[in-house]
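Undergrad: Given the coordinates of chain A, work out where chain B should sit on it, guided by the hints.
So the chains spell out like this:
2 protein chains.
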Amino acid sequence: MNILVTLDANYIKPLKVALKSLFLNNRDEMFTIYLMHSSLKQTELDDLSRFIQEHGSMLRPIYVADDYFLDAPAQSYYTKEMYYRLLAFKFLPESLDRILYLDPDILVINPVRELYETDLKGYLYAAAYHDKISVKEVNKIRLTPYNIDAYYNSGVLLMNLEEQRQHIDEQTIYQFVEKNRARLIMPDQDVLNALYSKKIKSLDEMLYNYDTRFYSHYKIKSNGICDMDYIIHHTVILHFCGRKKPWKKRYSGKFHALYKHYEKLALA
Amino acid sequence: MNILVTLDANYIKPLKVALKSLFLNNRDEMFTIYLMHSSLKQTELDDLSRFIQEHGSMLRPIYVADDYFLDAPAQSYYTKEMYYRLLAFKFLPESLDRILYLDPDILVINPVRELYETDLKGYLYAAAYHDKISVKEVNKIRLTPYNIDAYYNSGVLLMNLEEQRQHIDEQTIYQFVEKNRARLIMPDQDVLNALYSKKIKSLDEMLYNYDTRFYSHYKIKSNGICDMDYIIHHTVILHFCGRKKPWKKRYSGKFHALYKHYEKLALA
Chain A
13 MNILVTLDAN YIKPLKVALK SLFLNNRDEM FTIYLMHSSL KQTELDDLSR
63 FIQEHGSMLR PIYVADDYFL DAPAQSYYTK EMYYRLLAFK FLPESLDRIL
113 YLDPDILVIN PVRELYETDL KGYLYAAAYH DKISVKEVNK IRLTPYNIDA
163 YYNSGVLLMN LEEQRQHIDE QTIYQFVEKN RARLIMPDQD VLNALYSKKI
213 KSLDEMLYNY DTRFYSHYKI KSNGICDMDY IIHHTVILHF CGRKKPWKKR
263 YSGKFHALYK HYEKLALA
Chain B
13 MNILVTLDAN YIKPLKVALK SLFLNNRDEM FTIYLMHSSL KQTELDDLSR
63 FIQEHGSMLR PIYVADDYFL DAPAQSYYTK EMYYRLLAFK FLPESLDRIL
113 YLDPDILVIN PVRELYETDL KGYLYAAAYH DKISVKEVNK IRLTPYNIDA
163 YYNSGVLLMN LEEQRQHIDE QTIYQFVEKN RARLIMPDQD VLNALYSKKI
213 KSLDEMLYNY DTRFYSHYKI KSNGICDMDY IIHHTVILHF CGRKKPWKKR
263 YSGKFHALYK HYEKLALA
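Which chain is which? The protein sequence lines are A and B, in order. With our numbering, you'll find the first sequence wraps up at 280, consecutive numbering, no jumps. With our numbering, you'll find the second sequence wraps up at 280, consecutive numbering, no jumps.
Just chain A, with the same shape it has in the complex:
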């Protein structure tokens, strides 16, 4: 299976934790991890590569030259890395038909095969949106007039690379960013939603992009089905959304102990 990650040096440790959980819960699979970056050192890449090989998988670094997005709009807090995920198809081998993009602030706690094989016919992506009124409505209003039905989270993104090569255009993205500078908050996620919302296949967030901040919300919404037992047995991807991260001091949350457990295994 092909996995895509994009990274700067600050996220190497969380990435290892995420990958460790992926490997441990998918022991019979072999992964090729494509890593888009512009600033990692060779020693960092070597270390990551060794780590991945020890688990029977492979690292394929993709260096993105500093000047690649030179003509793309950017400003202080949108770094050019925001375009990596949107334009990954341009950097990946032509032979790939699909890839699963993963944020580093996740744990993969069950097999990903079924997610990976989601039928993507006619779609550019598959993703989940977080169906919490507060999250959904704020973003819909913010991105009016783009008329989105749902605001998808771009932390777990299954990509139909064949469709993307035909239908996603660099200049359209740049123009959108240029025009909407003032209202973009999470730039790549905003672009994804404003421009491609209609071409995103909807995934079950409780299975594939479980927002770890909202245990009670999910449990209530599912009439009690989505409890801890269900999550541990069925949820594939836990996503530690939000500013507070489980690898930082002072974090607190339902999945803190579990995260630290995988962290210990990954960084031992």
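Think of the hints as simulated: they come from the structure by calculation, not from any bench. Any given hint might turn out to be false.
The list makes no distinction among identical chains, and a pair is therefore deemed to hold if it is satisfied within one copy or across any two copies.
Claimed, not checked - 30 Å max Cα-Cα, derived BS3-like pairs, lysine-lysine:
| # | residue 1 | residue 2 |
| --- | --- | --- |
| 1 | K231 | K210 |
| 2 | K133 | K25 |
| 3 | K25 | K211 |
| 4 | K256 | K276 |
| 5 | K276 | K231 |
| 6 | K231 | K256 |
| 7 | K25 | K266 |
| 8 | K260 | K210 |
| 9 | K233 | K276 |
| 10 | K231 | K266 |
| 11 | K231 | K211 |
| 12 | K144 | K276 |
| 13 | K261 | K276 |
| 14 | K144 | K133 |
| 15 | K102 | K28 |
| 16 | K211 | K261 |
| 17 | K266 | K102 |
| 18 | K231 | K261 |
| 19 | K266 | K144 |
| 20 | K133 | K256 |
Here the structure is a predicted model, which is why all the values come from computation and not from measurement.
TA: Below, chain B without anything else, positioned relative to chain A:
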């Protein structure tokens, strides 16, 4: 290493979870699990034995005949199993000099070697007491006039079998229970504390008998040192004390996800 557990059929699943965590976090060790019971079926024993052998360790069942404690005082809610832990030394091979008793409602999340090798010279046991005012004081008052300094928790009990063979007397225990019927709440733990408190070596509860209900208490008491990171890297035994158990519906707590994780691995 020798491990002692005592069990009825209701606790087979939690026991497997506890043992799984012990095995996974002590991969280079070989354990002999002594299991005192009076009611397990042969199929249950065979299943447990297979499970333990798959992890490179051994089960040694010790059947305790129904009539063994016939002359011991008991009543509705003190079953005769209460004496198993106190009189285990009578049932174990003479060749053993020490054994680690473990309750089934625990997780072992780090190596136990250091605990197992605690110097027990002059002591009958090593155990931890829960240094929370509420727990400590109530039990001290309750067990006046036995004048105990600390109320030890008997869920994790390292036993000095050589000393016990010389100094623990069945009749003394029976007499104590007979005399104090009315005030015994947790009978074996009460006996242990009232009769043998002075001969118990004190263990660090944050390392060897971490009461999972009291995360904040431990964190404050330790000036912030005993946080989740510390626990996952240093605590050896998490003890799910109290009536609410992590394998039951409606449980909620800091270590819920971690427990369910080990449960999945154990019962898969």
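Undergrad: It remains to establish, for every hint, whether it holds in the given structure.
TA: Status of each hint after checking the structure:
no., hint, in the structure
1, K231 / K210, "within (28 Å within a copy, 48 Å between copies)"
2, K133 / K25, "neither (35 Å within a copy, 44 Å between copies)"
3, K25 / K211, "neither (33 Å within a copy, 46 Å between copies)"
4, K256 / K276, "both (19 Å within a copy, 28 Å between copies)"
5, K276 / K231, "both (28 Å within a copy, 20 Å between copies)"
6, K231 / K256, "both (22 Å within a copy, 19 Å between copies)"
7, K25 / K266, "both (21 Å within a copy, 23 Å between copies)"
8, K260 / K210, "neither (36 Å within a copy, 42 Å between copies)"
9, K233 / K276, "between (33 Å within a copy, 24 Å between copies)"
10, K231 / K266, "both (13 Å within a copy, 17 Å between copies)"
11, K231 / K211, "within (29 Å within a copy, 48 Å between copies)"
12, K144 / K276, "between (32 Å within a copy, 29 Å between copies)"
13, K261 / K276, "both (15 Å within a copy, 28 Å between copies)"
14, K144 / K133, "within (28 Å within a copy, 60 Å between copies)"
15, K102 / K28, "within (25 Å within a copy, 50 Å between copies)"
16, K211 / K261, "neither (39 Å within a copy, 40 Å between copies)"
17, K266 / K102, "neither (39 Å within a copy, 44 Å between copies)"
18, K231 / K261, "both (27 Å within a copy, 13 Å between copies)"
19, K266 / K144, "both (18 Å within a copy, 24 Å between copies)"
20, K133 / K256, "neither (36 Å within a copy, 48 Å between copies)"
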